[in-house]
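A.B. asks: Here the protein sequences line up with chains S and H, keeping their order.
Okay, so the first sequence: first residue is 0 according to numbering that gives the first Met the number 0, each after it adds one.
Okay, so the second sequence: first residue is 0 according to numbering that gives the first Met the number 0, each after it adds one.
Incorrect hints may appear among the rest.
[Said to hold, decoys possible] Stretch by stretch, here's where chain H covers chain S in the computed footprint (C-beta under 8 Å, at least three residues):
(1) 12-20
(2) 64-74
(3) 158-169
[Stated by the list, open to error] DSSO-like cross-link-like pairs, simulated, lysine-lysine; straight-line CA separation at most 27 Å:
(4) K1/H x K165/S
(5) K161/S x K90/H
(6) K86/H x K4/S
Honestly, the hints are just simulated from the structure, not real lab data.
Every residue, glycine too, gets a C-beta built ideally from N, C-alpha and C.
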Amino acid sequence: MKSTKLAIPYIIWIFIFTIVPVFLLINYAFSTNTGSFTIDNFSRFFSPLYIGILMRSFYMAFWSTIICFIIAYPVAYILSTKEFKNRNVLILLFIVPMWMNFLVRTYAWLFILGNNGVLNIFLGFLGFPQIRLLFTDAAVLIGLVYTFLPFMIFPIYSSLSKIDYKIVEGAQDLGANSFYVMLKIIFPLSLPGIASGLTMVFMPAVATFLVSNILGGGGYMLIGNLIEQQFMIVGNRHFGSAISLILLALILVFNMLISTLIREEETN
Amino acid sequence: MKLKKFYLSLILFFLYAPICVLIIYSFNANRIGNTWGGFTFHWYTQLIGDRNIMRALQNTISIGLISAGISTIIGTLAAVSINNMKKNTRKIILSVSSLPVATPDIVIGVSLMVLYVSFFRLTGGGRFGFGTLLLSHIAFSVPYVILTVLPRFKHMNGYIYEAALDLGANPVQAFIKAVVPQLIPGIVTGFLLAFTMSIDDFIVSFFTTGGGVSNLSLIIFSMARRGVNPTINALSTIMFIAVMLLLFIINLRDTRKIKGDLT
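Using the sequences plus the hints, can you model the full thing?
C.D. replies: Right under this line is the structure:
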């Protein structure tokens, strides 16, 4: 069975559905309605309005990634310590929410964060004043953290559970206290997991348009909403393609940055 | 230990609270507001009576089944030959395959949209709808099928195909009767994975549909834009249970497979 001919349908397939679309996107981004070459679609992006939207997307993605990391690291650590007898059930409990449709999970927060939502009912019950959360930055941030938290927990968990506990025990025998063990052994060894967690949360968070659309309200603009607007409402595919390429390039740079940072940290 | 338990419970509460609230409200007789108006199945019966939702359900299931079927065939054939490739070609093919995995969904969605627009312009015909939706779902599923089938080769005897040929089978017979059965666990898991991904997708569908063709995700989105609607809760509850059942089947197969490998 040395034939590689069976891959031909697939190679044609990825050519048409992966490679050609990327080139079409580039072609659209560098052309006008009439088909002549232009870089206007890119220069148009560098106005305070669009740069502001870009900065806001990065700001939201940055904070949701940080918050995910702070919440997820202890979870991953506790799950990896094998302290709980029914650990597999526990891990499954963290996986199941991901099986709910992504759109539905975001929609569900409307019932909690709304002005008459569960949270405000609860606050009122305790005698606190109501808070307006829905259609604010906070609501979008909560939605992002909620959606992408598992993407941070599981990569860190898998690198933590690969750590050889003899190293930890060795350090303890040599007199390291638990804080020192955490800082000098466990944390550095979990860096690959942290790196993939950071990229797996940051990438979809910076490109989101669904969470911001549902929890941020109609006027809420992130880079994903801008792309959606250009393609679906304004109908300017040229500008939309240029924004998509800029987003793609920035994500690429971010991923490279993370992986070099982590590699440097590891060699130290 | 107590602190750890408390922390895990807190995070699990955060993860499950929205889902529980959603499911509870699907049985709430009050349409608007968050007060409890009594238990009802009204939204479930309304769901079954809603023509648009039922048509979207049909689309979801047929696109899910057809796209999973086609991507399983393409993916399995590709996995077989990728396994036979030289290391360098293999590396190139696999890294191109993983491109869609490393691209945000919205960019996949708009790039496919641009592909169809260009194709329609070139041929002077065609419309967005069921066909474009189906092609897009196949496009994002195939890489995942390959990644599920490929590891099966480690469990396979490499000479089984030659043995079948020696015993007088022609190449097609040898492939179908000797190789495919060895890969079946991976193929079935790949199919189920592709099916779940298809029924779960919203973003790519959003950019590649048209002509009023909807699937469940799209219809939920257009309903949610008009505010909360208990029918969505009922629909979401049913979808959640369906996906949960499917994934339990996949996981069950995996654990059984692992157990089988151990014994």
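A.B. asks: Failing hints, ascending?
C.D. replies: Violated: hint 3 alone.
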